[in-house]
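Novice: The task is simple: from the sequences and hints, build the whole structure.
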Amino acid sequence: MRFSRTFCTLVLCFLISACSSLQHTKTGFLDSYELLKPNDEYPDTLMYRSTQFDKAQLQQVKTIYLPKFEIWLTANDNAQFLAVNQSHIVKLSNYMQSQLQEKLLPYYQVVTEKPAALNSQILTIKGAFTNIDFQETSLDVRDFVPVKLVYNAGKTAYLAATEQTEAVTSVSLESAFYIGSGVQPVFMMTASKQLESVVKANGEENVQAVKAILDIWINNFVTGMTKNKMAKN
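Residue numbers (mature numbering (1 follows the signal peptide of the UniProt record, and there is no 0)): -23 to -1, 1 to 210.
Note that these hints are calculated values from the structure, not bench results.
Ideal placement from N, C-alpha and C gives every residue a C-beta, glycine not left out.
Take the hints with a grain of salt, since some may be wrong.
Under the rule of at most 20 Å between Cα atoms (straight-line distance), these lysine to any residue pairs were calculated in the SDA-like manner [what the hints assert, rightly or not]:
(1) Lys91 to Tyr72
(2) Lys45 to Ile193
(3) Lys103 to Arg26
(4) Lys103 to Gln76
(5) Lys91 to Gln78
(6) Lys39 to Asn96
(7) Lys103 to Tyr42
(8) Lys103 to Ser75
(9) Lys103 to Thr89
(10) Lys39 to Ser158
(11) Lys103 to Tyr72
(12) Lys103 to Gly5
(13) Lys45 to Lys68
(14) Lys91 to Ser75
(15) Lys103 to Thr200
(16) Lys32 to Tyr155
(17) Lys39 to Phe164
(18) Lys45 to Asn71
(19) Lys103 to Val199
(20) Lys45 to Gln86
(21) Lys32 to Asn96
(22) Lys14 to Tyr25
(23) Lys188 to Ser75
(24) Lys103 to Tyr85
Derived Cβ-Cβ restraints for the label pairs, each shown as a range [stated by the list, open to error]:
(25) Pro44 to Lys188: 15 to 21 Å
(26) Gln185 to Ala33: 40 to 46 Å
(27) Pro15 to Glu90: 35 to 41 Å
Specialist: Below, the structure written as structure tokens:
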């Protein structure tokens, strides 16, 4: 179906190649994980799209409401921990929001405060980063202790990252789209990314390693959104 291919171009902006060993997260951020299904074309990705979310509805979108992405982090429980200042972690949420807003503004009205009235022209995109891991490349340990960070609620938390020089950085994303005032998501997905990176015992350097992954998601997402926006004209 042509719309399915077009829509995948839009939402699979978040998709990037990932190792098959990555596990899909089930943090409770999404309403239902049972609705998510594998995608034959994109490995390590699970998706759900409502039958009501068709091309006609998508083309009505003029405004994107983009609240800050929540951050759900995990840390290795079997190594020496390094406490990272909270401000470093807040940067990840701020960075994702500001970059998406800046790059989408030429094509959409992008707001970060909830509109007074939600209608069919407003698409709300909510997301959470999960499983940001730092571990030795020689290890294959997946025993992590979850640390939930929800900055929208004003909670304070800290990321504990292992003090390693050579590390594998793994990030997973959960996201949901809502049309207007609808409380049921019209689209949900989980995606993962893993890459090798040199991560030193420094909070800012750890954040930079994660930002390298976020940049891929941001650029691909904006490309997908703007191509679909321009294709309508």
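Novice: Now, for every hint given, state plainly whether the structure supports it.
Specialist: Verification of the supplied hints:
no. : hint                        : in the structure
1   : Lys91 to Tyr72              : holds (19 Å)
2   : Lys45 to Ile193             : holds (18 Å)
3   : Lys103 to Arg26             : holds (15 Å)
4   : Lys103 to Gln76             : holds (15 Å)
5   : Lys91 to Gln78              : holds (14 Å)
6   : Lys39 to Asn96              : holds (10 Å)
7   : Lys103 to Tyr42             : holds (9 Å)
8   : Lys103 to Ser75             : holds (14 Å)
9   : Lys103 to Thr89             : holds (11 Å)
10  : Lys39 to Ser158             : holds (15 Å)
11  : Lys103 to Tyr72             : holds (15 Å)
12  : Lys103 to Gly5              : holds (13 Å)
13  : Lys45 to Lys68              : holds (11 Å)
14  : Lys91 to Ser75              : holds (16 Å)
15  : Lys103 to Thr200            : holds (18 Å)
16  : Lys32 to Tyr155             : holds (15 Å)
17  : Lys39 to Phe164             : holds (17 Å)
18  : Lys45 to Asn71              : holds (7 Å)
19  : Lys103 to Val199            : holds (15 Å)
20  : Lys45 to Gln86              : holds (16 Å)
21  : Lys32 to Asn96              : holds (17 Å)
22  : Lys14 to Tyr25              : holds (6 Å)
23  : Lys188 to Ser75             : holds (13 Å)
24  : Lys103 to Tyr85             : holds (17 Å)
25  : Pro44 to Lys188: 15 to 21 Å : holds (20 Å)
26  : Gln185 to Ala33: 40 to 46 Å : holds (42 Å)
27  : Pro15 to Glu90: 35 to 41 Å  : holds (36 Å)
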